[in-house]
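Residue numbers (my numbering), protein chains in the order written: chain A, 1 to 249; chain B, 1 to 219; chain C, 1 to 501.
One-sided and incomplete, this derived list gives chain C residues near chain B with beta-carbon spacing under 10 Å: (1) Ala91; (2) Leu142; (3) Cys222; (4) Leu236; (5) Ile246; (6) Arg254.
These are calculated hints, taken from the structure and not from any lab test. Please read these numbers as outputs of a predicted model, since none were measured by experiment. Beta carbons: idealized from backbone N, C-alpha and C, even for Gly.
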Amino acid sequence: MRVSLFITCYNDTLFPETGKAVVRLLERLGHTVEFRKEQTCCGQMHWNTGYLKEAIPIIRHFVNVYRDAETIVAPSSSCVSMMRDHYMKAAELAQDAKLAADVESLLPRVYEFTEFLVKKLGVEDVGATFPHKVTYHTSCHSQRSLHLGDIPIRLLKQVRSLELLPLENPQECCGFGGTFSIKNPDVSSAMLADKVRTVLNTGAEVCTAVDNSCLMHIYGSLHRQRTFVRTAHIAEILASTAGAQEDGK
Amino acid sequence: MPNSSDARDAIFSSIRTALQVPANADTAAVAAEYAALPRLYKREGTMNSEALLDLFTHRLVEYDAGVCRISAENISREIARILGERGRKRIAIPDGLPPEWLPAGFDFQNASRFNEHQLDQLEGVLTGCTVACAETGSIVLQNAAAQGPRSLTLVPDFHLCVVFAAQVVETVPECFARLDATAALPTTFFSGPSATADIEMTRIKGVHGPRFLDVLLVL
Amino acid sequence: MKEQAHSPWSNRSFPEAAKDLLADSQIRRNVRHATNIIQAKRNRVVGELPDWEQLRVSGAAIRAHALAHLDHYLAQFEDNCTRAGGHVHWARDAAEANRIILELIQRHSAKEVIKIKTMTSEEIGLNRNLEANGIHPHETDLAELIIQLGHDKPSHFVVPALHKNRQQVREIFQREMHLPDLGEQPEDLASAARTYLREKYLRIKVAVSGANFLVAENGAVCIVESEGNGRMCLTLPDVLISLVGIEKVVPRYRDLEVFLQTLPRSATGERMNPYNSIWTGVHAGDGPKEFHVVLLDNGRSPILADGEARQTLQCIRCGACLNACPVYHQTGGHAYESVYPGPIGAILTPQLHQMKDARSLPYASSLCGACYEVCPVKINIPEVLIHLRGKVVQQDQKTLAGKLGLWNIGMQAAAFLFEDSTRLSLAQHLGQIGQKVVVSKNGFIEHLPLMLSGWTQTRDLRPLPAQSFRDWWAQREKAKPGAASSSSPQPSNATEKPHAE
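From just these sequences and the hints, can you work out the full model?
Have a look at this one:
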């Protein structure tokens, strides 16, 4: 299958390793990955902060870039939920019937990364090995918008040597919320403190999720507190293999 | 008294402007739209009568109410037993309560026209009911024969309620189906004794309503 | 009439008010304890109903339909309530509602009234107005009594005193009820309230209530409650005045079969609340001889014009969104500086004020969606929050200060970058170089300037890696045909210095 990767703006800028892992894994599974260099952002930050009008050209740009893509995969549930929950509204707001039609044709071809693996490819065992204790944070968009359910957990359970440790209140928001963490830094910090406490209580070495946005937030506190707990996007765990582990040492 | 007709006109005008609708609604169209609203929730129960009564009993027990299953010929005897156990003599009764229910040896007072001070002097109240809902453990009283006005079952601290098996339905919608014909009567649903959880979410029985509830379930 | 319409709520923004509450560890513990318990109970009893989703769908549809034809159903309610012997009054705003209620009470020369918990009366500041006019209102709901005697403000609309623990309640009761030996068990406290209020129920002849539902078809009013204080107020006095928002009407009596399933399960996690009262007008020999309904607009009708935000008025005030909200969990209700706190308050309050006040509230959410998930009438609160944020931004952009504000400039600049990938790429390169001034010795960003400074109060930020993904991809493409990626299999932050390979 020819997979068009939407890396997302913050993964592109801040977390290239996640993108590399997605490419490595999809190629390992025998698929062709393309990267359309015209891509930028899904428009979520503007939309969610109330800059609705400003989000529309960004959305239009996204739709134009991927108009003829066969399958689009993004390693971010929040960006995919932006598309599924808000793109039609944006087209309505812009009173742009053409954009609405484009969105309608595009959305069925867009997948979140783990959703793509399990629902589209039907793969749960991706042949990964990751000899670490891992806990999984359920990001808000992955559960309440995309309804991924236990898809990420099923993938993690197939990873060799991985010990999955359950997180208390896995469904509770980490407090990031994009610009929420800037507009309400104190409340956001309090929410984060609760989340980080549950992460540390698991005794895991690595906290993973399907969104680097939450992980950036969680790691921000883990690092500030000088803990040795790391964060890693689920793609990086699923792309790890026994050989690569040894190479890495 | 303020004349609120200006206010009324202003509010209706504001609503109609906001909704962009004319002053005279097309009532047939509204009714058609209402009739087409989705109603896919459970409206009919599926339990057999035994399971139904078990569920009802279970819910009442959860609410800390006393429940006894009895047969129709024993109503009077069971009432005497419970009142005796509870040590209550002066008992309020509503109009229309079957006289054959009343055992000898107690002071039953027809209290349908009592005021709250008189009611406050009594030790309990004995009534029937209109319908009961098993799923929620609720008993519904209306101002009708054997049930009386609302204050009757509110002021006394103890309520003994006679519920016939045929009055018990499974679901809330079935309950409303039975109430529909007498919907205009003052109606009280009660689900267990009065309670609050306002302090640290601890459920405490009996704040203002009756603190003790016993139910005689007549099979 | 003396008007005293000042609100007990200040005009502080949510972030400012939240800061104080976050510092109060007792309140946070109390709120956390209470919301955890209600949530667990709610989840259990909701899980019991296989048709929960269908009930939500129907509840939402009935409420939306009633709002779409609100004029029709209100007129129907008025006719039927009047026919049943009730009196219907209309109040455009808080002042008008206060005036109507005061005159009704004065007509009966009452100096005291008993009250059932109603948020609508909070909304119009009824108690302050009555007191200013020499009438003493007695709250009868246990939690409202705690709030009233403690000179406090409600922090939740189902359990208004959930921010108080038993010791704090005891102190209030000891002082205000003159009971120096009162114990601190919840039973002792409830029993003290029973004794304190029973005398008032038997003596006071005018009661004020709100209502949960008005039924258009037969003019019925429905109130749900737990303690029996509602029943006392609804049946013992001679005069009952119910103050109700115009949005509370449902078309038919049987619509209650939906809401009396979803409301108690959502609000207190009970299958049914201990008492529901339903009555129409007045009934000879049963309950008040005089019944008045005051229908309050107070900013509601304009909300109907906004197709996106109209769903706000579907609310049945169960409070489930408060209990589910991770923001509310941290701050409790007072941080919202509003009668209606929590997620629903964050969308309702600014709209009731025509977006002139409470403009920080639409931002008081991480948009996690927990509120929408539990809402029994499917109000898509996150969607409405975003919609209202859009209104706030539009308002700001109309002022010079807003236009030149950092947020607007930053967002315009970001939008400019995101419209073209070459601009984004250039910005990434500039960032990789420019960030050196903020990166600490340990390789992380520990202090950010201006509006971003809040972020680094408690968090470190990973700096931009030396190479963006798009640059890596371009490099890889150039090298083709050749070896595959040589990137590290380790997690990206496996070492203190990321991406140092």
